[in-house]
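Trainee: Based on the hints, put chain B in the right spot on chain A.
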Amino acid sequence: MADELLPPDQQMLRLHLESGRFRSGVASGWWRLVALKWPYVSIGVTARDGIEYSFRFHCQDYPRTAATAQPWDLEADCPLPPARWPTGRGRVVLAFNPGWHNGTSLYLPCDRDAINGHDKWRHEHPALLWEPEKGLCKYLGIILELLNSSDYGGRRGA
Amino acid sequence: MKIIEILLQGEHIPDIQLVKVDGEKGVKELLVLAAKHRQGEVEGEFEVFIEGCDEPLKRDDLLPESENGQPARVHVHRCRKIKVDVTFNGVTKEHSFGPGTTIAAVEKWAAIKAFGMTPADAAEHVLQITGKTERPEPDTHIGSLASCPECHLAFDLVPLKRVEG
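Going down the list, the protein sequences come from chains A and B. So in the numbering used here, spot 11 of the first sequence is number 11, and the numbers just go up one at a time. So in the numbering used here, spot 95 of the second sequence is number 95, and the numbers just go up one at a time.
Isolated chain B, as found in the complex:
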């Protein structure tokens, strides 16, 4: 039996979980494992996504191999897409992403593609959850911040401030 490590994120799963699974097992087994990490009773049909991929794996697919000795990154969610609103200087742009999309990828889309910043300016801005002070880490999957059936998130793109005084 070949044991593989997976960095698991998902709906109602707190933070990033490091899980170990039989590498010959597939999506069905990972869904069972993910349910054990989920907080609370949640009903519905969950899908497994590879990080950054919009299409879910099929039920009979095997789990992804780890690359360069590092764990594969996987997401489990009921939403096929998450609608994301990003507001900057009073203007809101929206786009839909797969739930296994990272905050870093959404931030790049927002700053550079949606609001036309240079990469240098983009690196001085960060996504902050609208109405909160929380700024999710760049490797956080957006699906771990959203629930079904809303499948929606709203962020502000805010400049990074100096710490002084």
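So that you can see chain A by itself, here it is in the shape it has in the complex:
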């Protein structure tokens, strides 16, 4: 199907995946597109220890509505088992919490599911909110920062 026949949310997602901002992250070795199967897109993000964590983003109504991301096992094509989630001392373990929301979302202000019921985050963490014009690149940048922080401590089960 030609792009112009796609609904606007799919068109916008494709535009963002082809953007200079996304390509810059790929060129830096920060992230890579793994698969696009609407309404999901899977993207691998590299941590400072070289481990690549994959995240499956649900992108319905993109980018007007924020995406929600779940750590994903690409080989088994299923949610990543909790023992293989990233962990850390403070910020990382709070953001990547398999016990929250049944592990279907990250605990971050930029996440569609997590922001619900957390209105105070809008003034506590304005820099971490979803920005439609940046879309997935904003969310990926926040994940990348966490996985490359001093706080990050590898996989939970390692």
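Worth flagging that the hints you see were computed from the coordinates, not collected in a lab. A couple of the hints might just be wrong.
What the hints assert, rightly or not - In silico BS3-like cross-links for lysine-lysine, where the CA-CA straight-line distance does not exceed 27 Å:
| hint | chain 1 | residue 1 | chain 2 | residue 2 |
| --- | --- | --- | --- | --- |
| 1 | B | Lys20 | B | Lys36 |
| 2 | A | Lys134 | B | Lys20 |
| 3 | A | Lys120 | B | Lys83 |
| 4 | B | Lys161 | A | Lys134 |
| 5 | B | Lys2 | B | Lys58 |
| 6 | B | Lys161 | B | Lys93 |
| 7 | A | Lys134 | B | Lys108 |
| 8 | A | Lys120 | B | Lys161 |
| 9 | B | Lys83 | B | Lys108 |
| 10 | B | Lys113 | B | Lys25 |
| 11 | A | Lys134 | B | Lys28 |
| 12 | A | Lys134 | B | Lys2 |
| 13 | B | Lys81 | B | Lys2 |
| 14 | B | Lys28 | B | Lys93 |
| 15 | B | Lys58 | B | Lys36 |
As the list claims (entries may be wrong) - Calculated from the model, a selection of chain A residues having no Cβ within reach of chain B, i.e. all distances over 12 Å:
| hint | residue |
| --- | --- |
| 16 | Leu5 |
| 17 | Gln10 |
| 18 | Ser19 |
| 19 | Gly29 |
| 20 | Trp85 |
| 21 | Leu106 |
| 22 | Lys134 |
Just so you know, even glycine gets a beta-carbon here, dropped at the ideal spot from N, CA and C.
Mentor: Below, chain B alone, put in the same frame as chain A:
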């Protein structure tokens, strides 16, 4: 004709632009291309900088080859230098950088060299534009945040906070 990809940033150019140019063309052609991505009418003499380089390319230079199959990173700006002020705990340090310097490089200078943090502590801090909540991404060139003739930026170096509650 060999087409090369360039990740272009610059004064009045929104975000990072992926542009395709004839690899046998040079700086003059890139300046024409950059003007098309610029927002608004802007007058003055623009220069082309390779990312991280303080000196601009000469008008007759060819464009840089891409490395490892990835696009080259280039910046177009009227300022030769951007004066950057970074404030941390009430103390302000300043330094001048080329406009094609990344936020990551300025952050490293500020945290480690100017304020004496360890690399581990530096990784728990980030640059935030003074008076705003905006924290530019590490691959953003500082020149894309500054205009001529001011050629000046001010940041706060702020700690990264836990998201909880």
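Trainee: If a hint holds in the structure, say so; if it does not, say that too.
Mentor: Outcome of the hint check:
Under the criterion of a C-alpha separation no larger than 27 Å, the hint pairing lysine 20(B) with lysine 36(B) is consistent with the structure, at around 13 Å. Simply put, lysine 134(A) and lysine 20(B) have alpha-carbon atoms about 22 Å apart, close enough for the 27 Å limit, and the pair holds. The straight-line distance between the Cα atoms of lysine 120(A) and lysine 83(B) is roughly 36 Å, outside the 27 Å bound, and the hint therefore fails. Taking the CA atoms of lysine 161(B) and lysine 134(A), the gap is near 22 Å; set against the 27 Å cutoff, the hint holds.
Between the alpha carbons of lysine 2(B) and lysine 58(B) the distance comes to roughly 21 Å, so the proposed pair stays at or under 27 Å and holds. Restraint check: the Cα-Cα separation between lysine 161(B) and lysine 93(B) comes to about 23 Å, which is no more than 27 Å; the hinted pair holds. With a C-alpha separation of about 24 Å, the suggested pair lysine 134(A) and lysine 108(B) falls inside the 27 Å cut-off, and the hint holds. Pair hint lysine 120(A) plus lysine 161(B) holds up; C-alpha atoms about 14 Å apart against a cutoff of 27 Å.
Between the alpha carbons of lysine 83(B) and lysine 108(B) the distance comes to roughly 16 Å, so the proposed pair stays at or under 27 Å and holds. For the suggested pair lysine 113(B) and lysine 25(B), the alpha carbons sit about 39 Å apart, so the restraint of at most 27 Å is broken. A C-alpha spacing of about 30 Å is found between lysine 134(A) and lysine 28(B), which places the hinted pair above 27 Å, so the restraint is violated. Restraint check for lysine 134(A) and lysine 2(B): not satisfied, since their Cα atoms lie roughly 31 Å apart, outside the 27 Å limit.
Only pairs whose Cα atoms come within 27 Å are accepted, and lysine 81(B) paired with lysine 2(B) is rejected, the gap being roughly 32 Å. Among the hinted pairs, lysine 28(B) with lysine 93(B) is inconsistent with the structure: their alpha-carbon atoms are about 36 Å apart, more than 27 Å. Between the alpha carbons of lysine 58(B) and lysine 36(B) the distance comes to roughly 21 Å, so the proposed pair stays at or under 27 Å and holds. Every CB of chain B lies more than 12 Å from the CB of leucine 5(A), the least distance being 24 Å, so the non-interface label holds.
Every Cβ of chain B is farther than 12 Å from the Cβ of glutamine 10(A); the closest lies at roughly 20 Å, confirming the non-interface assignment. Against chain B, the non-interface label of serine 19(A) is violated: not every CB pair exceeds 12 Å, the least being about 7 Å. Not every CB of chain B lies more than 12 Å from the CB of glycine 29(A), the least distance being 9 Å, so the non-interface label is violated. Consistency note on tryptophan 85(A): stated as away from chain B, and its beta-carbon is indeed over 12 Å from all of that chain's, at 16 Å minimum.
Separation of leucine 106(A) from chain B is inadequate, the least Cβ-Cβ distance of about 10 Å not exceeding the 12 Å criterion. At the 12 Å boundary, the C-beta of lysine 134(A) falls inside the reach of chain B, the nearest C-beta of that chain being 8 Å off.
The earlier numbered hints that this structure contradicts are 3, 10, 11, 12, 13, 14, 18, 19, 21, 22.
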